[in-house]
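Protein chains in written order, with the working numbering: chain A, 13 to 164; chain B, 13 to 164.
Watch out, some of these pointers could steer you wrong.
Since the list gives no way to pick one copy over another, a pair counts as held whenever it fits inside one copy or between any two copies.
[Said to hold, decoys possible] Listed next, the in silico DSS-like pairs over lysine-lysine satisfying Cα-Cα at most 30 angstroms (straight line): (1) Lys-146 with Lys-156; (2) Lys-149 with Lys-163; (3) Lys-149 with Lys-109; (4) Lys-156 with Lys-109.
Treat the hints as calculated values from the structure; they're not laboratory data.
Protein chains: 2
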Amino acid sequence: MADDTKKTDPSVDFGILNSLMGYRLRRAQMNFFSKFSDLCSDLGISPGLFAIIAIVERNPGLTQTAVAQALGNDRSAMVAAVDKLEQMDIIERRPAKNDRRSYALFMTKHGQTFFKTLSTRVMEHEQSMAARLKDDKELDWLLKTLDILSKN
Amino acid sequence: MADDTKKTDPSVDFGILNSLMGYRLRRAQMNFFSKFSDLCSDLGISPGLFAIIAIVERNPGLTQTAVAQALGNDRSAMVAAVDKLEQMDIIERRPAKNDRRSYALFMTKHGQTFFKTLSTRVMEHEQSMAARLKDDKELDWLLKTLDILSKN
DNA sequence: CCGAAATAGTGTTTTTATATTACAATGCCC
DNA sequence: GGGCATTGTAATATAAAAACACTATTTCGG
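With these hints in hand, go ahead and build the complete structure from the sequences.
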């Protein structure tokens with residue numbers, strides 16, 4: 013194949029799938045996911061890690077489980093993630109003041125600047141995708157609608 | 013915890029994540045995925061398997077790779093999936109007429125009725141989610157927008 | 001204060017999904 | 001007929017997600 017456009021065979025009838033939000037969400041999310049990977053894998057950052065960094069950056073001092081709850085992850089998944097981010101000198105664990113069981117998470121100096129370059133990249137991609145929409149009003153509508161559909 | 017509402021801690025600032033379509037898509041899709049599982053796991057059907065069935069039902073005689081391409085999967089992933097669906101007596105492989113390398117996929121008798129009950133369940137869930145939207149126009153708009161964001 | 005129950009972090013394991021690669025059989029093109 | 005692409009398959013690898021148990025702590029009722 014000459015180009016990399018995996019053209020979905022136009023002769024295939026998707027039937028019920030075409031009317032399913034669930035299926036369309038999956039396709040759209042997969043597209044964002046793979047573009048994110050193309051964009052940030054050289055920095056060793058996956059979408060999940062990016063989310064953790066974004067939360068810690070805005071909420072310094074949160075414990076691991078607090079971050080996990082905010083993102084809807086299991087707290088056991090945090091261990092490996094935070095281990096990696098600590099190795100990369102992006103965030104650091106400090107013993108929590110009032111609770112000797114838990115760590116508080118903070119950005120390192122390097123993490124701060126790292127997050128800036130990272131979010132610049134991500135926002136560029138976001139904006140190139142948002143350019144497919146009509147206007148900012150439509151973007152707001154989409155974000156709000158997705159939020160409504162996220163709640164269970 | 014008394015109820016199962018994993019309330020996202022309201023005091024957490026999601027910062028940039030709030031404005032990212034990618035993140036919102038992920039949350040919404042996760043919600044659909046888990047609901048689908050709750051709804052159909054007793055029948056042994058995952059969202060991916062459902063998509064395969066839906067394609068075969070509307071396009072009898074497609075080859076495995078054709079289905080894989082339509083869904084954006086790798087054809088190697090089809091093998092286990094079709095194996096399972098054949099064991100469940102939902103679809104069947106028949107030797108393709110003009111190409112002895114490939115199989116053509118068809119619904120079995122049982123698969124036909126099975127798909128009906130399955131899609132009834134799925135549509136019920138879909139409609140309960142769609143009820144969160146303003147009207148059908150908004151639903152159409154959402155589907156169209158997600159489609160636009162799915163193309164790379 | 002004591003003891004039961006809950007919670008934080010961690011390690012371990014399992015499951016699931018997805019990607020990669022290799023290969024035999026077959027088809028297609030010149 | 002010979003070279004090359006394609007189909008289904010197998011065997012891995014990889015990765016992400018979930019389940020479970022364990023230790024050290026905290027919390028709370030009495």
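Checklist entry - What hint numbers does the structure not satisfy? => result 3, 4
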